[in-house]
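Asker: Spelled out, the chains give:
Number of protein chains: 2
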Amino acid sequence: MFRDFYGSILNEIINSPDNLPYPVRKINFKKGECITKYGQIEDAVYFLNVGIVEMTIKSYVTEKVIDFFFENEMFTSLTSFLTQQSSDVQMKALTDCEAEVIFYQDLQIAYTSSLNANKFGRILIEQAYVKKAKREKDFLSKTAEERYAEMFRTHPQYISQIPVNKIAKYLGIHPESLSRIRKKLNS
Amino acid sequence: MFRDFYGSILNEIINSPDNLPYPVRKINFKKGECITKYGQIEDAVYFLNVGIVEMTIKSYVTEKVIDFFFENEMFTSLTSFLTQQSSDVQMKALTDCEAEVIFYQDLQIAYTSSLNANKFGRILIEQAYVKKAKREKDFLSKTAEERYAEMFRTHPQYISQIPVNKIAKYLGIHPESLSRIRKKLNS
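Chains as they are written, first to last, in the working numbering: chain A, 709 to 895; chain B, 709 to 895.
To be clear, the hints were calculated from the coordinates, so they are not data collected in a lab.
Please read all numbers here as calculations on a predicted model, not as lab measurements.
A hint or two may mislead.
Where chains are identical, the list cannot tell them apart; a pair therefore holds if satisfied intra-copy or between any two copies.
Claimed, not checked - The list that follows gives simulated cross-link-like pairs (lysine to any residue, SDA-like), each with its CA atoms no further than 20 Å apart: (1) K766 / F847; (2) K745 / I735; (3) K772 / L848; (4) K745 / E771.
Same shape as in the complex, but just chain A (with noise of 0.2 Å):
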């Protein structure tokens, strides 16, 4: 739940929602279903208590995988809320899920005054800028099999329910390639 990730990021417990900066509210996505479209101005970030998120990006006239999102994970398009212009990128639900979710507006009026939205928000964007610069630097320096071995060690209950060619996508490979990688590490 938000408020036990919340306090957990500021070393607090978090007894009543009345104790958050901002209200939060609970949305449940269908699988398959949208839930920021490219080209759509993101106004909002979600904690996801149960399910799978895929993040898309388009890339020529393929699309490409760039990100999973697993339960007690935030997620949003973030350069398209920090900028409020439209998003790159577009998330949709692998499977059912239940999330919550603060809106921007509601977050910027906490921002104004209060120590813990924004001691908040600046722990968790600067986790997101260390994910960003690792995963740029794992493209470059690592094979597709370190990659897909990182993610079956840090991940390894989910692997079964994500589709072979949401992770072969992911990953930059064909699906052919990621059954044998597959093989390899069972072996």
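Starting from the structure of chain A, add chain B where the hints point.
Answerer: Only chain B this time, still in chain A's reference frame:
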């Protein structure tokens, strides 16, 4: 001066250094001096009053220029600063530089209780995230010529102060290709 920059981000007028949430000290670097070395743990963020700083990364046998910083910009080896792990990048003064410095420990202390320190930090890292995402996209979607034209547009006064081979390394092209681009843009 850092104090004015800090105030402009927060929309406040900061009359005295005492109104800053952390100590800020003057520091000078000679042309060619290393500010942060490869492998060092970054312990400071800088605000550049005078001069140009280059940021490089080792890439196999060669070295790539990944960024330049100019007057009135903040700079640090950000991933190293945030994670307190060793730096992949190196920063060097390209000209004699005058800067102001804030140390990691002082910043962490301010972050525990200062609304303004957290707000300023959050906004700065949001900007760094957007800049990083934009750069990534530009590298994928723009030609060296377009990127040079943009640099020329945003920082015309500096182009003449940066050696041609450094600009070529930044654009990821041969110095001869850059000469052709310059001739074309000047004609």
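Asker: Look at each hint and say if it fits the structure.
Answerer: For each hint, the structure was consulted:
1. K766 / F847: For K766 and F847, both the intra-copy (18 Å) and inter-copy (15 Å) Cα distances are at most 20 Å.
2. K745 / I735: within (17 Å within a copy, 47 Å between copies)
3. K772 / L848: both (17 Å within a copy, 13 Å between copies)
4. K745 / E771: within (13 Å within a copy, 39 Å between copies)
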